[in-house]
Amino acid sequence: MSVQTQTRETARVPVSRRVVRRVGARREARREGAFGYLMISLAVIFVAVFTFIPIIASLGLSLFSWDVITPPKFVGMANFERLGADGSVLQSFGVTLVLAIGIVLLQLCLGLGLAVLVNQRKKTWSKTFFRTTFYLPLLASTAAVSIFMGYLFDAKFGVFNYYLTSIGLPAIPWLTNPVGAMVTMILVTVWQQVGFTFVLFVAALTSVPKDVLEAAAIDGAGPARTLFRVKIPLISPTILFAAVVAMINAMQLFDQPFIMTKGGPGTATTTATILMYQAGFQNLQFGYASAIAIVLLLIILVITGIQFLAARKLVFYQ
Amino acid sequence: MTTELVTRRPPIFKLGSVVGVVLLIIAAIFALGPLLWTVTTSLRTPAEAFTNPPQWLPLHPDFGNYAAVFQQIPIGQFFVNSTIVTALIVAGQTITCTLSGYAFAMVRFPGKNTIFGIFLATMMVPLQTIIIPVFIIVNKLGLSDSLASLIIPALGSAFGTFLMRQYFMQMPPELGEAARIDGASHFKVFLFVYARMASPAIATLAILNFSGFWAEFYRPLIFLQSQSHFTLPLGLVGLQGNLGTGSISIVLAGVILTMIPSVILFIFAQRYFIEGVTAGSFR
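Those protein sequences? They're chains A and B, same order as listed. Using the working numbering, read the first sequence as starting at 1 and increasing by one per residue. Using the working numbering, read the second sequence as starting at 319 and increasing by one per residue.
Derived by calculation from the structure, the hints in this document are not laboratory data.
With a straight-line Cα cutoff of 20 Å, these simulated EDC-like cross-link-like pairs (lysine to aspartate or glutamate) come out:
no.	chain 1	residue 1	chain 2	residue 2
1	A	Lys-156	B	Glu-366
2	A	Lys-122	A	Glu-214
3	A	Lys-262	A	Asp-154
4	B	Lys-506	A	Glu-32
5	A	Lys-127	B	Glu-593
6	B	Lys-458	A	Asp-67
7	B	Lys-430	A	Glu-32
8	B	Lys-506	B	Glu-495
9	B	Lys-506	B	Glu-492
10	A	Lys-122	A	Asp-211
11	B	Lys-506	A	Glu-28
12	B	Lys-430	A	Glu-28
Generate the whole structure from the sequences, applying the supplied hints.
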């Protein structure tokens with residue numbers, strides 16, 4: 001737009017003045033450019049040194065065998081070949097994917113359900129109460145949550161099994177059984193993260209235009225029909241965003257299994273990030289660990305791509 | 319029109335509303351229950367902490383566990399460490415991201431879109447993918463096992479830059495142009511015209527960084543070795559490891575202690591916590 005204004009102005013100015021102006025404008029542009037570079041310099045330096053170069057370095061490292069002590073040795077694709085042949089690696093990525101899908105589905109459904117219910121409340125205080133309540137778990141660190149949830153889910157002394165058995169149900173081996181441990185990871189993560197999705201959806205539902213809802217009501221649409229045919233399509237871009245963010249986070253699940261089960265029982269909750277931590281920082285196989293990290297990055301990129309492709313069909317942009 | 323519609327189907331509407339409230343209350347019990355249990359159990363004596371049924375009301379609160387936390391671990395030191403790390407990262411990112419976000423939104427310079435594109439691309443990359451090279455760089459810089467190893471790599475942020483840029487993009491360029499004609503330098507225009515208008519976005523970024531880095535576990539676990547440098551989450555897990563399942567009420571007292579700063583901040587800046595959730599979405 002500013003370019004247009006400039007040309008319109010120059011048209012009105014005599015040629016001699018125009019030349020002076022052009023020189024002045026060039027000098028001004030150079031000065032503005034220098035100012036721009038100066039302004040971004042700090043951020044560029046930090047992002048370059050601590051994010052961009054490490055990405056390249058990680059790609060490079062994945063082609064080496066390096067135990068930190070002896071010099072790195074180039075091994076080509078050997079790390080990736082070893083990775084593909086290693087049953088425990090495949091199992092770990094499988095565990096990660098199952099946990100992530102469980103977490104994302106439960107978090108989205110629960111977050112959406114709660115947001116719809118809270119959005120129907122008329123009184124501001126009740127909206128504020130529920131919003132604060134569902135946000136509260138996010139104020140604790142994942143480490144803190146993993147610690148107290150570990151006690152609550154304890155098979156022998158935990159509160160959950162106490163209540164289950166006191167109403168006549170069998171105690172569940174939450175953390176001592178492979179499936180139980182995976183379910184617990186999903187529940188603990190969703191318990192803490194659902195407030196994030198919930199707040200996003202409440203904001204989106206509030207911005208659904210009133211006249212659209214009135215039009216739906218006039219056409220005789222009941223609450224369920226309005227929800228599935230009007231509200232959900234209208235907030236589908238937010239649902240996509242929540243799904244992408246939740247999936248990227250869930251694929252990196254580390255704190256909860258690391259603290260609650262140390263990846264166990266056996267390797268039932270050894271997620272890709274725990275496996276990478278063990279390979280890199282416990283076994284000092286930096287090259288192999290980098291290869292795991294690169295594969296994790298690729299899987300996340302592919303999943304995000306699939307989500308955006310699926311969104312083309314499902315997401316409704318106004 | 320609306321009154322007619324409401325009168326047409328009142329019973330279903332009422333019933334749906336009641337069911338909705340009941341479901342919300344059940345959800346609220348599940349959300350608050352574990353937190354309440356943590357508070358009340360931290361007030362029971364270690365001997366009775368793991369006895370069921372749980373005591374939901376602290377009838378005879380025993381604050382001894384809180385004193386015991388201070389005896390078991392240098393939690394005061396962890397607190398200071400966490401505060402230094404979080405405060406410096408918040409301050410650093412406020413500066414670097416405000417400067418760069420403004421430049422990407424308002425200043426014309428060659429290569430702007432390319433550089434910003436690279437920034438956006440790095441946002442997708444998980445921390446785990448870059449952690450080994452960052453670990454190596456940190457060691458090469460002689461920062462291993464120090465608070466600086468957590469702070470310095472986090473002083474710039476592609477996401478923070480993106481967030482600030484989005485906010486500056488909404489501001490009218492005319493204001494700056496007018497100030498330029500009045501003879502203000504580029505930097506003065508930024509500082510006195512735009513930066514002061516950006517305080518809501520700065521607050522949102524600060525709160526996001528506070529929540530993220532106060533609770534951070536992964537980098538401290540990898541970067542720190544000596545207990546004297548531990549941050550709160552790492553120290554807390556250490557406390558749990560030391561005590562085992564013997565005295566969980568002391569561990570839970572530690573959990574509550576680490577949560578207090580977040581809760582206090584939330585009470586005063588709730589708006590920016592909520593804003594922080596929606597800030598990342600492309601609006």
